[in-house]
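Colleague: For the protein sequence lines, the chains are G and Y, in the order given. Quick note on our numbering: the first sequence kicks off at 44 and runs consecutively. Quick note on our numbering: the second sequence kicks off at 44 and runs consecutively.
Everything labelled a hint here was simulated from the structure, so no lab data went into it. Certain hints may be false.
[Unchecked claim] The list that follows gives simulated cross-link-like pairs (lysine-lysine, DSS-like), each with its CA atoms no further than 30 Å apart:
#1 K70/G <-> K272/Y
#2 K250/Y <-> K250/G
#3 K214/Y <-> K58/Y
#4 K334/Y <-> K250/G
[Stated by the list, open to error] Going by beta-carbon spacing under 8 Å, a handful of chain Y positions derived as facing chain G:
#5 W87
#6 P102
#7 S279
#8 I286
#9 G394
Glycine included, each C-beta is placed from N, C-alpha and C at the ideal position.
Protein chains: 2
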Amino acid sequence: MEERTIHMELCSSRKQKPESSQLEFGKVFTDHMFIMDYSDELGWHDPRIVPYQPLSIDPSAMVFHYGQSVFEGLKAYITPEGDAQLFRPEKNFHRLNRSNQRLCIPPIDEEFGIKAIQQLIALEKDWIPTAEGTSLYIRPFIISTEPYLGVAPSRHYKFIVILSPVGAYYKEGINPIKIAVENQYVRTVVGGTGEAKTGGNYASSLKAQEDVAKKGFAQVLWLDGVERKYIEEVGSMNVFFKINGEVVTPALNGSILEGVTRNSVNQLLKHWNIPVEERAISMEEVYEAYKNGTLEEAFGAGTAAVISPIGQLAWNDEDLVINNGETGDLSKRLYDTLTGIQYGRRDDPFGWVVKVDDSNIHLKASV
Amino acid sequence: MEERTIHMELCSSRKQKPESSQLEFGKVFTDHMFIMDYSDELGWHDPRIVPYQPLSIDPSAMVFHYGQSVFEGLKAYITPEGDAQLFRPEKNFHRLNRSNQRLCIPPIDEEFGIKAIQQLIALEKDWIPTAEGTSLYIRPFIISTEPYLGVAPSRHYKFIVILSPVGAYYKEGINPIKIAVENQYVRTVVGGTGEAKTGGNYASSLKAQEDVAKKGFAQVLWLDGVERKYIEEVGSMNVFFKINGEVVTPALNGSILEGVTRNSVNQLLKHWNIPVEERAISMEEVYEAYKNGTLEEAFGAGTAAVISPIGQLAWNDEDLVINNGETGDLSKRLYDTLTGIQYGRRDDPFGWVVKVDDSNIHLKASV
Numbered sequence: 044m045e046e047r048t049i050h051m052e053l054c055s056s057r058k059q060k061p062e063s064s065q066l067e068f069g070k071v072f073t074d075h076m077f078i079m080d081y082s083d084e085l086g087w088h089d090p091r092i093v094p095y096q097p098l099s100i101d102p103s104a105m106v107f108h109y110g111q112s113v114f115e116g117l118k119a120y121i122t123p124e125g126d127a128q129l130f131r132p133e134k135n136f137h138r139l140n141r142s143n144q145r146l147c148i149p150p151i152d153e154e155f156g157i158k159a160i161q162q163l164i165a166l167e168k169d170w171i172p173t174a175e176g177t178s179l180y181i182r183p184f185i186i187s188t189e190p191y192l193g194v195a196p197s198r199h200y201k202f203i204v205i206l207s208p209v210g211a212y213y214k215e216g217i218n219p220i221k222i223a224v225e226n227q228y229v230r231t232v233v234g235g236t237g238e239a240k241t242g243g244n245y246a247s248s249l250k251a252q253e254d255v256a257k258k259g260f261a262q263v264l265w266l267d268g269v270e271r272k273y274i275e276e277v278g279s280m281n282v283f284f285k286i287n288g289e290v291v292t293p294a295l296n297g298s299i300l301e302g303v304t305r306n307s308v309n310q311l312l313k314h315w316n317i318p319v320e321e322r323a324i325s326m327e328e329v330y331e332a333y334k335n336g337t338l339e340e341a342f343g344a345g346t347a348a349v350i351s352p353i354g355q356l357a358w359n360d361e362d363l364v365i366n367n368g369e370t371g372d373l374s375k376r377l378y379d380t381l382t383g384i385q386y387g388r389r390d391d392p393f394g395w396v397v398k399v400d401d402s403n404i405h406l407k408a409s410v
Numbered sequence: 044m045e046e047r048t049i050h051m052e053l054c055s056s057r058k059q060k061p062e063s064s065q066l067e068f069g070k071v072f073t074d075h076m077f078i079m080d081y082s083d084e085l086g087w088h089d090p091r092i093v094p095y096q097p098l099s100i101d102p103s104a105m106v107f108h109y110g111q112s113v114f115e116g117l118k119a120y121i122t123p124e125g126d127a128q129l130f131r132p133e134k135n136f137h138r139l140n141r142s143n144q145r146l147c148i149p150p151i152d153e154e155f156g157i158k159a160i161q162q163l164i165a166l167e168k169d170w171i172p173t174a175e176g177t178s179l180y181i182r183p184f185i186i187s188t189e190p191y192l193g194v195a196p197s198r199h200y201k202f203i204v205i206l207s208p209v210g211a212y213y214k215e216g217i218n219p220i221k222i223a224v225e226n227q228y229v230r231t232v233v234g235g236t237g238e239a240k241t242g243g244n245y246a247s248s249l250k251a252q253e254d255v256a257k258k259g260f261a262q263v264l265w266l267d268g269v270e271r272k273y274i275e276e277v278g279s280m281n282v283f284f285k286i287n288g289e290v291v292t293p294a295l296n297g298s299i300l301e302g303v304t305r306n307s308v309n310q311l312l313k314h315w316n317i318p319v320e321e322r323a324i325s326m327e328e329v330y331e332a333y334k335n336g337t338l339e340e341a342f343g344a345g346t347a348a349v350i351s352p353i354g355q356l357a358w359n360d361e362d363l364v365i366n367n368g369e370t371g372d373l374s375k376r377l378y379d380t381l382t383g384i385q386y387g388r389r390d391d392p393f394g395w396v397v398k399v400d401d402s403n404i405h406l407k408a409s410v
């Protein structure tokens, strides 16, 4: 395909960057963003980097009414040498296109998407915070913008990438969370959109999350929507259980999101010769393992927290305290290894990191 | 509560109105729209009628990422006397608040919402088309606008009402449609958001709709997400079957939208002493009735088409031709009665219609 040039329009004044210690998640955005438009006639066109600014969208645009949208989430990290790097961005763009397919959104060129992100990050490199555990969160997303109230796939879209410097997920080091098994609400079901990273899955999760937060839980553990027996995900992370020396994570059954961190954990475990199985696992099985003392660890895995140990799991009237409520050795080892690779402090035997080339950016930026 | 004044800012020039014969669904919008904002500090505030215009929304606004949105759909009709009227708007606003509850969106004052719509319609009255079967479609909707990427209920919203003149759903009178039973995809499931009118339910339906459209079907018939046996809805309508003189419609089980037309059909049938049951009904049961000759009629019911007779129903390798593929007597009677009441051509024994008072609008508009 033809080489596409990303037009750049730079802002005249830069925003003040927040102190590392003040950083939260997803509240502050950088000076620029990437946009590309789609129409049936032109395909994806007019890729550009512009000052971060409000979108001007017709009130009848489909995204406001029928939720036709997808997104991704990944991070850029600064290495000890001062380079910017990404972690497995090709996985995110591959998943984005699978989400697109489920939501009837035209696919984007994955290589070009990664190139666009690299160019944007090179431009915004001094927005990547450097304090321990901080990073630059990258949010690519696609929204349907056709001004039409018919229930049908939109014929106009915008692909946008915004960047947000984020603080350490664990302010005081990796820490176990309390979660509650959700019996009333479900996140999604096989045949629905659970495999796709689309707004509706998150909208449907808010109520359960709000209800358990009132009772002091950080997240919910989702069960399957059919039998309400099998474990699916925890909050917006994938979930793993270490039972009697073996690690089990729910198999990708059509309603579970295929996490990049999930995939990386599976690869690391195999690399370490720790048995790992992807299969259906019921809450009953986890409870039995807990009762007979073989439930050794449980943890969530996702881009935001990387590894989130589960210290306590509430199920009906039972309260399962896992590994004395402390971070398990395997959780810690996975966390240290993954963050080590992400921040360039460790070897990368799998070729997961992608350096951001910022050598040409000043030239391009001055065009 | 305090009396709230709706501030009005009128546009300087009016758009040209489309010819009645050119009207489609949801593509043309009137000169003005209603907006009201929400913040945790101020609650719902600043209700205003302004020129129809693009919304300026931060790219990090939650609606673009986590699909936290709800909507409604109703119509304004012109009576033979030239009055504008609504059909059961209190049902729509009541449902809007139930959707709000499921999606963690703060409730709106239902009476005030109806008042706002009336004021907007009074102002736009000459946009209501008068040709047979045409009407003014009213789309109230709420979107989450907080600029924050955390997965949590937004703390900022916009409630907006836009209006679109729409053509007759049936250009050549009421006409049966061909539908296909959907076996692969599901719309939603009990415990999900099926009862709520929220974008995600529609986003998840697009793929199935697109697939069957290629095979010449107008809509899909959704089965339940648990057993894939019981009938839920047809496309974005509720569905009814007349079997051996009795009418059956799926009971509201938590994953079915409670349609205003569905409710009105149930009331009319009772009024006419035609037996009607709300209960679980399987595709197997419908097929059995078809085979033994007792499946007399099937139809969808919703605001857009009012009554949509089902002439043909494809299920696995079977092709059920219902009532010789023609509009049944009951479908016709329901359609004539409902549209007769909606357009003010028939008596309204149930007190369903609400007149739009436009006596003060010119005074208000000139403020």
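Colleague: Tell me, which hint numbers fail for this structure?
Modeller: Result: hints 1, 4, 5, 8, 9 break, sorted rising.
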